[in-house]
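Trainee: With chain A fixed as given, assemble chain B onto it according to the hints.
Residue strings, one per chain:
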Amino acid sequence: MSLSLNEAEELILKFVEKFRKEAHSNYKPSTRQTISMSSLLSTMYFKKGYLTREDIVRVAIVTTPPPYQEKALKIMSKIVFGTEKLETKPLLSIPKFLPLPIFPLSLLSIPLGLYNLFKPVSKWFKFHKNPQSLMKEKGRYHWSSQATSSLASRLFNKIKEKERLTKRIGLELSSIEKGQVKGVKPRKIRVSGKVTLRKHGVHLGSFLKRKAQNTKSVISLLTSKRRSKIKTIKSNYVKRDKISKVNSPSLEAGPGENLLREWYELRDMLPRKLRKEVKEEVKETLIEWINVYIKPLIGSSKLGVLPSHMVKPCSSYDLLEYVDLEETIESLLSKCKRLTEITYDDLMIRVPERGNNAVVLLLDASGSMGGGKLATMVFSTITLLNVFSKDEVALAIFESDVFRVKEIDGKVEMNEIIDTLLDLEPLGGTCVSRALLWAEEQFDKSLSDTYLLFLLSDLAFYDYREAEFILHRMINNNIRVFVLVPIFSYNIAMASSLEKLGINIIEMRNWKDILTLLLDSTLPM
Amino acid sequence: MSVRDSVVERIKRSLREAKKRERKILIVLRGQYKEAYELLKDSESAGLTPAIIGPPGVGKTLLCRYYALTTKRSFYWITLDESTRPSHLIGTFNPAVVLSRGWCLEAFEPGPLTLAMVEGGIFVANELNRASEYTQNALLEPLEERSYYVPHLGRIVAEETFFFIATMNPKELAGVHRLSEALRDRIHVWISLTYPKKEVEFEIIRANCPEYSLPNDILERIYKVVDLTRHNEQIIKPASIRSSIAMARLIAQALEEGSYDDERFVKIAFSVLLGTLRTKPGVRKDLLIKSIISEALRECH
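These protein sequence lines are chains A and B, in that order.
Take 0 as the starting number for the first sequence in numbering that gives the first Met the number 0 and just add one per residue.
Take 0 as the starting number for the second sequence in numbering that gives the first Met the number 0 and just add one per residue.
Mixed in with the good hints, there may be bad ones.
Calculated cross-link-like contacts (lysine to any residue; reagent style SDA-like; alpha-carbon spacing at most 25 Å) [as the list claims (entries may be wrong)]:
| # | chain 1 | residue 1 | chain 2 | residue 2 |
| --- | --- | --- | --- | --- |
| 1 | A | K410 | B | T278 |
| 2 | B | K279 | A | L4 |
| 3 | A | K47 | B | T69 |
| 4 | A | K47 | B | Y32 |
| 5 | B | K284 | A | G409 |
| 6 | B | K279 | A | I286 |
| 7 | A | K272 | B | V282 |
| 8 | B | K279 | B | P54 |
| 9 | A | K278 | B | K279 |
| 10 | A | K282 | A | E467 |
| 11 | B | K40 | A | L4 |
| 12 | B | K279 | A | P66 |
| 13 | A | K27 | B | N136 |
| 14 | A | K272 | B | N168 |
| 15 | B | K236 | A | E415 |
No lab work stands behind these hints: they were computed from the structure.
Next comes chain A alone, as it looks inside the complex:
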């Protein structure tokens, strides 16, 4: 069926309005998008002479940026093909006027109609009678009013939101509990508003809350936009499920480490699709964290991380604004040149601040680094990678083997690195010597003046003798070595013997310590 341009424009406006009202979307179509949609449809109309409903859906998709195209497809399809109406339409309704010939049929419809009328009321009544017990009745989930475990409650809400997935997820979770799913460890952890770590006999939520009592939430310090988004999601859930605000579990991500830590703790129990979604969420938070906190640190000589300022001869594409007059005059005088004889080489330009450090990061991902330790170290790794982003940086992950994530002369997107780090599984032994040999190779490749090695580990090394030998050689070759250890669990004996070699041992209490370390210039450069 073909549509007129006016009809198409009405649909566009409806689409934009509906998309803007979407609570769970970061993206809101702008006026520019509305105009683009209209222009594109007009072009199509004048080219073909008609417009189809498919054309309108296609235009809605192509004018929306890729991460939100699926959402655009859903919204526009609902508007154009009317699936929205079909959903709300009752299956059987009672007609206002019952004509005689259909009387027997209408009699049949009354019980069903009554059922339809009472269904939402009974559901509401049941739910509000005791929200916790409702979940107990269903057997699988337990909704606690005191739950503070953010990720778990968000996961729960996600599960609730995706009704079509609920049954499958429930099945998978129950089978994980029973240890039926192949390749998944039978861990006795329940995914619910209140997550129980049976091993420690405490609630993960309250445990983390205690841990993070004095720690400000990363999210609360992030942009107000994100905060308001989370609040909106929360209030929508509150409204939709008619849960009293006091009793509803927190949807806030909590401290950044908390979120990352919960990811490492709980990811194995999530169904693949949900896991992917949560991973994206964690990744997005990390990237925002980088943008808010770390970017201002990059290239700031005041903070003492990246001191650099140099002058070099001009090349054709360098801007004149960078010419250092004093240096140029100096250069001209030394060459006794006239203005008419000047060439590019005579002009000295300031090179924008650029680091001159070669930094190698070695992250321990052995079995002993599970849970919170890994989360703190991953945070520190991401921070260091970003702070030294203008320098030569290499990153490897080691356990029994060495996995090269980024070579010193290679180029890997931060997005990919974060992806890799979020997929880390703490497994295997700790053989650091091979990683150290790789680090030496990287320093050999580098052209920088300063060499820095950051070893992020709990020092539970199997090959201490070899490692000590290589580290000693590194120190003799003017490589500064920093070992970042998690304060609550590391090999103190090994740390003290490393200290004797002249290595700086830095104890990390939590994720914030790396920032303090960089901001307070405690890192002796």
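Mentor: This is chain B only, laid out in the frame that chain A set:
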């Protein structure tokens, strides 16, 4: 003829050859490529700025080049990264000439964007989301106003036929190098290109191996290997169409020499994939490739 003269002559010949080659573009305009081409046309007619998004090696730049060729316009492109500055796009003043002759037009060396604007050509910004925010902001004015203010010279206005196309890698869209909100809002049409369907990929391979005749079963095998890499979760960067073409050409050569058998196929596929694939850390690339090739062979038998 001196050595320098002969070098100059060779360069001239090479430039002439390059111009000739620009007129020939091998493209299979079917399926998603046809749709993308039509969308490019529609976007231009509607005065909208498009961006083509797709993994490396799906033919984004080729499509833009083909579009420029069919619409008979000059084609300029630049691949952006963090070190690209606005002067690389707009152009710069030659400091030496400025010092000797002042801020005159002769001292200005235009960049590819300025050239495309004044010639009314097509400008492709490859990997746009890799550019720093400083460089991204420099594009706002040409996109919105179709003009650019060059200090000391004045405002340069784009010709009516000037058309800006951006290309991007989908993975990086969610990454740290995100497009600024302002620039994202000025890109109106987002065209997605993925790896083509089997039939289209066969045609692309054939078009790129015109001197060989490749039987269908060989193409099936190649496609199977390549397709398996595209669906393997351990692989971050799968095999592109370029890899398929490379494999096809090597196999065709082996066929001509009469040395083609299963073992040779495995060797060729292995050597092509070893350099192209990027796997997740902790994955032994060589073992993974071998398992993929043997799975493909098993399925094809």
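Trainee: Would you mind marking each hint as holding or not holding in the structure?
Mentor: Hints versus structure:
Between A/K410 and B/T278 the alpha-carbon distance is near 15 Å, which keeps this suggested pair within the 25 Å criterion. With a C-alpha separation of about 49 Å, the suggested pair B/K279 and A/L4 falls outside the 25 Å cut-off, and the hint is violated. For the hint linking A/K47 to B/T69, the alpha-carbon distance of about 21 Å falls within 25 Å, and the restraint holds. For the suggested pair A/K47 and B/Y32, the alpha carbons sit about 20 Å apart, so the restraint of at most 25 Å is met.
In summary, the hint linking B/K284 to A/G409 is supported, as the alpha carbons are separated by about 18 Å, within the 25 Å threshold. With a CA separation close to 20 Å, the supplied pair B/K279 and A/I286 stays within the 25 Å bound. Restraint check for A/K272 and B/V282: the C-alpha separation of about 22 Å stays at or below 25 Å, so the hint holds. Among the hinted pairs, B/K279 with B/P54 is consistent with the structure: their alpha-carbon atoms are about 17 Å apart, no more than 25 Å.
For the given pair, A/K278 sits about 16 Å from B/K279 by alpha-carbon distance, which is consistent with the 25 Å threshold. About 36 Å separates the Cα atoms of A/K282 and A/E467, which puts this hinted pair outside 25 Å; it is violated. In summary, the hint linking B/K40 to A/L4 is supported, as the alpha carbons are separated by about 20 Å, within the 25 Å threshold. Our distance criterion of 25 Å between C-alpha atoms is met by B/K279 and A/P66, whose separation comes to about 23 Å.
Using a Cα cut-off of 25 Å, the hinted pair A/K27 and B/N136 holds, with the two alpha carbons roughly 21 Å apart. Simply put, A/K272 and B/N168 have alpha-carbon atoms about 23 Å apart, close enough for the 25 Å limit, and the pair holds. Between B/K236 and A/E415, the direct Cα distance comes to roughly 11 Å. Compliance with the 25 Å bound is thereby established for this hinted pair.
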